[in-house]
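**Q** Going down the list, the protein sequences come from chains G and D. Everything in the first sequence is counted per full-length UniProt numbering, starting at 1 for the first residue and increasing by one. Everything in the second sequence is counted per full-length UniProt numbering, starting at 1 for the first residue and increasing by one.
Check the hints yourself; a few may be wrong.
If several chains are the same, the list does not tell them apart, and a pair holds so long as it fits within one copy or across any two.
Lysine-lysine pairs mimicking BS3-like chemistry, simulated, CA-CA at most 30 Å apart [as the list claims (entries may be wrong)]: (1) Lys153 <-> Lys471; (2) Lys311 <-> Lys153; (3) Lys311 <-> Lys367; (4) Lys453 <-> Lys311; (5) Lys367 <-> Lys153; (6) Lys426 <-> Lys367; (7) Lys256 <-> Lys367; (8) Lys270 <-> Lys367; (9) Lys270 <-> Lys426; (10) Lys431 <-> Lys270; (11) Lys431 <-> Lys471; (12) Lys270 <-> Lys471; (13) Lys453 <-> Lys431; (14) Lys471 <-> Lys367; (15) Lys270 <-> Lys256; (16) Lys153 <-> Lys431; (17) Lys453 <-> Lys426; (18) Lys453 <-> Lys367; (19) Lys256 <-> Lys311; (20) Lys426 <-> Lys256.
Just so you know, the hints here were simulated from the structure itself, not pulled from any lab data. Only a predicted model underlies this, so the values are computations on that prediction, with no experimental measurement involved.
There are 2 protein chains.
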Amino acid sequence: MTADNRVYLFDTTLRDGAQTQGVDFSVADKTAIAIELDRIGIDYIEGGWPGANPTDDRFFAAPPAFNRARFVAFGMTRRAGRSAANDPGLNAILSTQARTVCMVGKTWDFHVDVALELGRTEYIDMIADSVAVARTRVDEVMFDAEHFFDGYKANRDYAMTCLREALRAGARWLVLCDTNGGTLPHDIERIVGEVCAEIPGTSIGIHCHNDTENAVANSLAAVRVGARQVQGTINGLGERCGNANMIALIPSLMLKMGYDTGIPAENLAKLTHLSRLLDDRLNLVPNRSAAYVGSRAFAHKGGLHVSAVEKDPRTYEHIDPAVVGNERIIVVSDQAGRSNVMARFRQIGLEIDPRSPDVMRLLEIVKEREANGYAYDGADASFELLARRELHTVPDYFVLQSFRVLAERRWNARGELITLSEATVKLDVAKHRVMEVGEGNGPVNALDSALRKALLPHYAELVDMRLIDFKVRILDSAGGTAAITRVMIESADGHGQRWTTIGVSPNIIDASYNALYDAITYKLFRDGATPAV
Amino acid sequence: MTADNRVYLFDTTLRDGAQTQGVDFSVADKTAIAIELDRIGIDYIEGGWPGANPTDDRFFAAPPAFNRARFVAFGMTRRAGRSAANDPGLNAILSTQARTVCMVGKTWDFHVDVALELGRTEYIDMIADSVAVARTRVDEVMFDAEHFFDGYKANRDYAMTCLREALRAGARWLVLCDTNGGTLPHDIERIVGEVCAEIPGTSIGIHCHNDTENAVANSLAAVRVGARQVQGTINGLGERCGNANMIALIPSLMLKMGYDTGIPAENLAKLTHLSRLLDDRLNLVPNRSAAYVGSRAFAHKGGLHVSAVEKDPRTYEHIDPAVVGNERIIVVSDQAGRSNVMARFRQIGLEIDPRSPDVMRLLEIVKEREANGYAYDGADASFELLARRELHTVPDYFVLQSFRVLAERRWNARGELITLSEATVKLDVAKHRVMEVGEGNGPVNALDSALRKALLPHYAELVDMRLIDFKVRILDSAGGTAAITRVMIESADGHGQRWTTIGVSPNIIDASYNALYDAITYKLFRDGATPAV
């Protein structure tokens, strides 16, 4: 049992979120996201379904170490006609490092009859057996009561019997799932209230889908009448219309309803970052209108709203955007822009007088560049270089004269169709004209290779520098392949430093070169390299 | 007064929706959208704010003729220090063809004190005067009680006095607005219930914003306790996080709560079209996860889900998608089973015996390819080609021998640094070896151009084909520029058909070529082109 106002958060981004059409997590994605979920203070992190696909198997074979979160494996109850102890599927979910297991079973008689084509009593035995065996193998078993709300409406007794049997067999949590997402808040509130009254003292969870755009409201309604675990996903990722959006739920629970979610108040400011991290990982365009964390969630158009907000932000803001790590955007106000730029200067350790004309000039440059497709939000190193160049404090470490990149698909000597990439660069360094050629399995890789070959004799600092991420986004995509391309490159060195740079051009090779150039310049500048030009 | 279950719909897409950052309606947009809103059966269509900007003035000067809807002008109460009869702003909204006027006034004492800096009694007089004058000039006056919920919590008496004075002056509707969007459903329900009890017999409306992702739930809660007008926008367009989404509200009100919205049941099937029309007009990418109308709102990805849906769609669909004009999608992916593949075959019109070894072989190929970076769930055309190729029913329309793509940055004759892309292709078509060269502002664009030049003389079908979207995802990004690249290309033709193809390779140019090849092949195959090889 839990303190009355403690609500446990259960994130299923990596499991139910992976059901989203078009979404495909790599093991590296899962690891990066799980680490952030643990950092912010989520109670339970469901990593996937061991045994269901190779990605989940690899992730469960080597999950990250969590500071605080419990790692959860999802899976089904045993199959019909097998003992739970000898069921391979069940064994797969009980044999990982996850000490908590979330086991799903249907609680709608219609599903048992029509989809599973099993006897109802037989199916309840399958639930009870599976939970009982799981209870002997892991620390904590949750029962995900699939289709609970449809089941409760259709056959209340059957749905409740499923819950009671799972509880009797040792389930620590009973999670009521609105699997098809069609239940409205007033029905959720009534049914969860009745369940809580009927089996008092039981830990009840809620799992909602957004098929009527009510997943968040449904989750809040369930908590108000007694549910103490909420399942959801970052940004509401999930099959069909998605799951309950954890990013919107958390601040409402904490700031407006006074619940303790286990997340320290100061970690709320990480929500905006967490939301954008997921989109970055999946190469999705962030929803600008997202509640609390969207880039325009606190944007004010000109006129009356702006003048009121300048008098007192509470006139048009339901919370202080900084509390969730977001920021106010006042489109027409230079003051707001100036303070953003000043805040970023402070972050990178640049001392500058706020009244200096340099500040306004840089602001104009940033605005113009962002209008042309740059996004300095995610490219701190390029922003710092831009700012320092405006203040004339960044040397040119080399001067590119030209490059040429060739990608060729042809038949090789063994009759195989191969594609080769080769790049030549011509640049001036240490008073010499240097030409080098490199190859790679893609044009950008080849260009990177040629640049290093040309520069390494003059800049030993580059020896341990490597590219660790490379992202491409097409802007103004209505233009097809003629669109503007934005490339972001993340680099790292042997000291554990990481930095991100950006390049924008109609030509993807050109954009990549610009980002590579900034990446190399930033490394040399931070290491205090002596310009060899 | 209205029948107890009649809920009036008030669309403010063209007024509050126009506050969205980045949204800019033309007069033609407004006309087209208003006509559709009238056709579907919306009661009130708010066209804008006459006198506030040139677009709204032109739209109100020549609005479309409505069959059924009432046309509404929005505006503010008179200014301080002027008589209502002589206020130019008020006159502007009372002088149009709109016979209904929606007049906004603040009902939060804090706003009157801090933002307006007016006396509270003085401001109430402004509301009452303005409503009274309007009542003499138009048929129907609504009072939009701005910031009502914040106002009610802060100073209940003041907020209620504003309502009573507007009512006494002749307002036909009192619309309670959650202007800052921060109120949660349980508070909306309590407060609207109290207002309805306190001034019984009054027509109450609700106007919600989505700042906590609860605008739809808030609107439904208000209706349940007595509100009989709902204000919202198509797709939830609107400032910050948007307004209540009419597209999600309507089917819940009609199908799940039994209200009469004035929309004939058969017109519900126009909702998906209405939603996409707005996005098309504004050049926005439709939200695939939108409740009821999103392209993946009825998409099924998991193998178990698909087999159940094939037995009875109610197992995983909360409503029949056809009722709202949407459709079921069966997704093929590495999470899919045999039943997904079979269902997709049926959708593309392929007759195949489910026990045929071809089915399992294709499933194995899909799984293997997805493990290597392919993602067929977003690339229907490439999946269809893959399946048909396995069944040997897709001809080769041409055979590529080789291509070469060059991207070069150099100084041009005028001393400018430029980047050029050029591609050559060598291919066999119609028993001839063809070589062509094309250029473009990026290597993929150049390659596309060369391919078309080579093929168009032989395949006139390609004349109206164009690339409309180009997406790049780097997989296994821990490898930096050496990572695997996935390219997805969306193409369209002059018949309004759209299709998506995929290419995967360590080399981005190679991946792009593969996706281009599928795009061209799919177009020729669907059009029944005669292979000219």
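**Q** A separate judgement is required for each hint: does it hold in the structure or not?
**A** Status of each hint after checking the structure:
Proximity of Lys153 and Lys471 under a CA criterion of 30 Å is satisfied in neither setting, with 48 Å inside one chain copy and 44 Å between copies. Proximity of Lys311 to Lys153 under the C-alpha cut-off of 30 Å is restricted to the inter-copy arrangement: shortest distance 21 Å between copies versus 52 Å within a copy. When the C-alpha separation of Lys311 and Lys367 is checked against a cutoff of 30 Å, the pair qualifies only within one copy, where the shortest distance is 24 Å, while the shortest distance between copies is 56 Å. Taking CA atoms no more than 30 Å apart as the test, Lys453 paired with Lys311 passes in neither setting, with 49 Å inside one copy and 62 Å between copies.
With identical chains, the CA atoms of Lys367 and Lys153 are never at most 30 Å apart, being 55 Å at best within one copy and 39 Å at best between copies. Proximity of Lys426 to Lys367 under the C-alpha cut-off of 30 Å is found in neither arrangement, the shortest distances being 32 Å within a copy and 44 Å between copies. With identical chains, the CA atoms of Lys256 and Lys367 are never at most 30 Å apart, being 35 Å at best within one copy and 46 Å at best between copies. When the C-alpha separation of Lys270 and Lys367 is checked against a cutoff of 30 Å, the pair qualifies only within one copy, where the shortest distance is 25 Å, while the shortest distance between copies is 37 Å.
For a Cα distance limit of 30 Å, the shortest separation of Lys270 from Lys426 qualifies neither inside one copy, at 44 Å, nor across copies, at 53 Å. In this homomeric assembly, Lys431 and Lys270 never come within 30 Å of each other (Cα to Cα): the closest approach is 48 Å inside a single copy and 62 Å across copies. In this homomeric assembly, Lys431 and Lys471 never come within 30 Å of each other (Cα to Cα): the closest approach is 34 Å inside a single copy and 41 Å across copies. When the C-alpha separation of Lys270 and Lys471 is checked against a cutoff of 30 Å, the pair qualifies both within a copy, at 23 Å, and between copies, at 29 Å.
In this homomeric assembly, Lys453 and Lys431 come within 30 Å of each other (Cα to Cα) only inside a single copy, at 17 Å, whereas the closest approach across copies is 45 Å. Taking the shortest alpha-carbon separations for Lys471 and Lys367, both the intra-copy value of 22 Å and the inter-copy value of 25 Å come in at or below 30 Å. Taking the shortest alpha-carbon separations for Lys270 and Lys256, only the intra-copy value of 18 Å comes in at or below 30 Å, while the best inter-copy value is 38 Å. In this assembly of identical chains, Lys153 and Lys431 lie within 30 Å of each other by CA distance neither inside one copy nor across copies; the values are 81 Å within and 67 Å between.
With identical chains, the CA atoms of Lys453 and Lys426 are at most 30 Å apart within one copy only, with a shortest distance of 11 Å there and 33 Å across copies. Taking the shortest Cα distances, Lys453 and Lys367 never come within 30 Å of each other, neither inside one copy (36 Å) nor across copies (40 Å). When the C-alpha separation of Lys256 and Lys311 is checked against a cutoff of 30 Å, the pair qualifies only within one copy, where the shortest distance is 24 Å, while the shortest distance between copies is 44 Å. Taking the closest pair of Cα atoms, Lys426 and Lys256 never come within 30 Å of each other, the shortest separation being 60 Å inside a single copy and 65 Å across copies.
Violated hints, listed in ascending order, are 1, 4, 5, 6, 7, 9, 10, 11, 16, 18 and 20; each of the other numbered hints is respected by the structure.
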